[in-house]
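With chain A held as given, fit chains B and C onto it using these hints.
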Amino acid sequence: MPSPRYWREIPNRYRLEASRCCGCGRVSYPPRRVCPSCGAQDWKATHLSPHGKVVTSTVVHVPPTDFLMEAPYAMAVVETPEGARLMVQVVDCDPDDVKPGTEVTLEFRLIRKEGLSGILCYGHKAVPV
Amino acid sequence: MAGIVGYGAFVPRNRIKSEEIARQWGKDPETIRRGLLLEEKSVPGIDEDTITISVAAARSALDRAGIDPQKIGAVYIGSESHPYAVKPSGTVVADALGIGPEVHVADFEFACKAGTEAMFVAYGLVEAGKVEYALGIGADTSQGAPNDALEFSASAGGAAFIFGTRSTLADVVDTYSYTSDTPDFWRREGEFYPRHGGRFTGEPAYFKHVLAASRGMLEKTGLKAADFRYAVFHMPNGKFPLAAGKQLGFKKEQLETGWVVNTMGNTYSGSSPTGLAAILDVAEPDDLILITSFGSGAGSDSFVLRATAELPKRRGHAPTVRSMLDGRRRYLTYGEYAKVREKIIVNT
Amino acid sequence: MREVAIVAAGMTRFGELWQSSLRDLFVEAALEALSGAETDHVDGIYVGNMSGGQFVGQEHLGPLMADYLGMAGVAATRVESACASGGMALRAAFFDVASGASDLVLAAGLEKMNDGADVTAVLASAADQETEAYHGITFPGLYAMIARAHMEEYGTTDEDLAAVSVKNHAHGALNPKAQFRRKVTAEEVMNSSLVAAPLRLLHCSPVSDGAAAVLLCPLDRAKEFTDRPVRIMGTGAATGSMALADRQDPAFLDAVSLSAGRAYKMAGIKPSDVDVAEVHDCFSIAEICVTEAMCIVDRGKGGEAARSGFTSLGGKLPVNTSGGLKSKGHPVGATGIAQTIEIFEQLRGESGDRQVKDAHIGLAQNMGGSGASSVVHVFQRV
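Chains as they are written, first to last, in this note's numbering: chain A, 20 to 148; chain B, 281 to 628; chain C, 2 to 383.
Just chain A, same shape as in the assembly:
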């Protein structure tokens, strides 16, 4: 993971920083300059609550190389109370127990690292309540 690409995303990955559109109220995560719903370019900074509900999910059995040792793992689209959705891994549970409607909290975790010498990349994962 090249450093600048990782570093730029720190505010939204570490602190769940998002944007709320002043036009239609839609909360975008990560923050967006142009609202995907109404096209307005006026927004306020906000952040997501560290919990939500699973919208849809899967269990990845054939992973990309960097995630080899973690498979099989559950992945889910989680919706927070602000109405924003994010794609996260779901951990500390039996992956097959993750279903649409499962309530989760969002915890700070190590997302990936490249081998023994690359930088460590952090973010949030979901844990069933």
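One or more hints might be untrue.
What the hints assert, rightly or not - Only pairs whose alpha carbons sit at most 20 Å apart, straight line, appear in this in silico EDC-like list of lysine to aspartate or glutamate:
(1) 619/B / 85/A
(2) 271/C / 299/C
(3) 132/A / 622/B
(4) 619/B / 61/A
(5) 593/B / 451/B
(6) 132/A / 131/C
(7) 266/C / 4/C
(8) 72/A / 250/C
Rather than coming from a laboratory, the hints here were simulated on the basis of the structure.
The structure displayed is predicted, hence computed values, not measured ones.
Just chains B and C now, with coordinates in the frame of chain A:
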């Protein structure tokens, strides 16, 4: 007077039983359990490390402190297992918590007492009036070598303490440190597992420093063991802290709340700090608390704390140590444990 | 705009083509198309390719392919829209000819996936890198989530998913250029190993090498090159939210719906006018969702359509007579053109055992990523 304005702890949800490790190496589980007084220990997930544990513990500390993270002027993390050899854990934790950029950050190491070191410096800075609030964390995911005694105890977890002068939950009455160069346990650069001096780690190392620091602390404050409601010592296994406590004149009731090691294991820099958090979860106003850590190499930091009337009011804002130790958890087989602790050789 | 026709086609076999490099594949397909039209000259080349760069380290495919075709000097460029690259190349070629700017244009698509790249990681670059791939989701994982949402909303079953694979393998068994030319049973499909629950190995299109090319020219010149040209009646393209998390209904493919609507409008037809269709079944669930989004079947009824035979050869609207991506193979950038070739041959009556009787109007739908881009072309027998 400076004290703790917020505290938090985090214990990973995975566990492995002593008997599972014993079974792997053909040892008698009963002998291990009786000899070390260890039932099970926490195991970090493949996505957990000192940084993630620190963030979780510190978030709880902030919840209990009820302060704006921007007011924290220093962040110190003590660990034996900082994720990077060069690049601080503290900067990730500070950014994750919304602290800074106007903040002093440093990583500490001193084997298992790196946590109380971080607390010592955080406390000192606040006491000296240099910063309004300072955060000191002890967290670890250190390992024991396969088929070594330490494999039964080396576990993962940590605790975070925010020091300040207003609305404290527990005031620091005084501190005392005792240090001498003692090669009882070490790890050279590039080595994956630490090495230790076997029985040499007992009397000349652990007991010498824990007892000297605790006695020095009692003498400095003019207090006796009986004055305290609680005492917690570094917990490398189940036996040592109970033996040290007994030698200092503490009774079982004073020691048992902080004695979390039998189901948590030894979280190294997080050991006595997590025991302290477990005490703060139940202590009543005006209770006196003694905490003495031990770090191989070797040294001990001792603190005397007094719980305030604020403690019962705010501690409900975050999970207790017992809820994490006794709550939802998952037991691993040795194979799963070896995979998750990266003891299995793979191509990089 | 002028009317545009396809007058010739060429295609390699799809499969693990160890002996062929990326440029070899292109030349083979392109030469077949050019010799079919008996011409050795083109005015332009559009090369649909998702990622020569990540698969074999090769970008800049326009000039490379023109050069290796012995046509250095011709205007050529690569067109990219992940798995919809081929369809988008066709669309670009169509407008080049329709506008009057060019007369003979080659629309090609190709992909070389078996040269040792980390295919899972490369394909994941069609998803949102920063919010999806970063967290460990894979391509099959995204479609698995779509499947699960579809199952939650409409009661679609594992049997429905399996029916799509069974149908497409039955078709592909009749296609000499298909990667897999054997039938599969529903039991085999449902017992194959899990890739991303609920999707199993036999729900997923394979990793393939291959190339395909078609030659376009103005309709009024078509008879110079073939007795049976096929007219492009309409083209429609659309995008949708890149990240699955940003879609209102993860089980509905907005981009497919929009692109189909635009293509139908331009062609002046209704969905029920379509006699034969090639759709993007990268995973079984994709065919189900696409047929619904294109109004070929009602919302929620995509699985039933596969199970009932509605979309089989001999059914009311045969879908993926080529074998689909599942059985024919899915060299990503080539697929859009390969779909076009299947319809081209169907409308010319050249599909042999796979022939749909009296096929007058055909359709090809090509999709990128988890449905973030879609392009639809409608074709007519002339």
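Evaluation of the provided hints:
no. : hint          : in the structure
1   : 619/B / 85/A  : 15 Å, holds
2   : 271/C / 299/C : 14 Å, holds
3   : 132/A / 622/B : 13 Å, holds
4   : 619/B / 61/A  : 48 Å, violated
5   : 593/B / 451/B : 15 Å, holds
6   : 132/A / 131/C : 15 Å, holds
7   : 266/C / 4/C   : 16 Å, holds
8   : 72/A / 250/C  : 15 Å, holds
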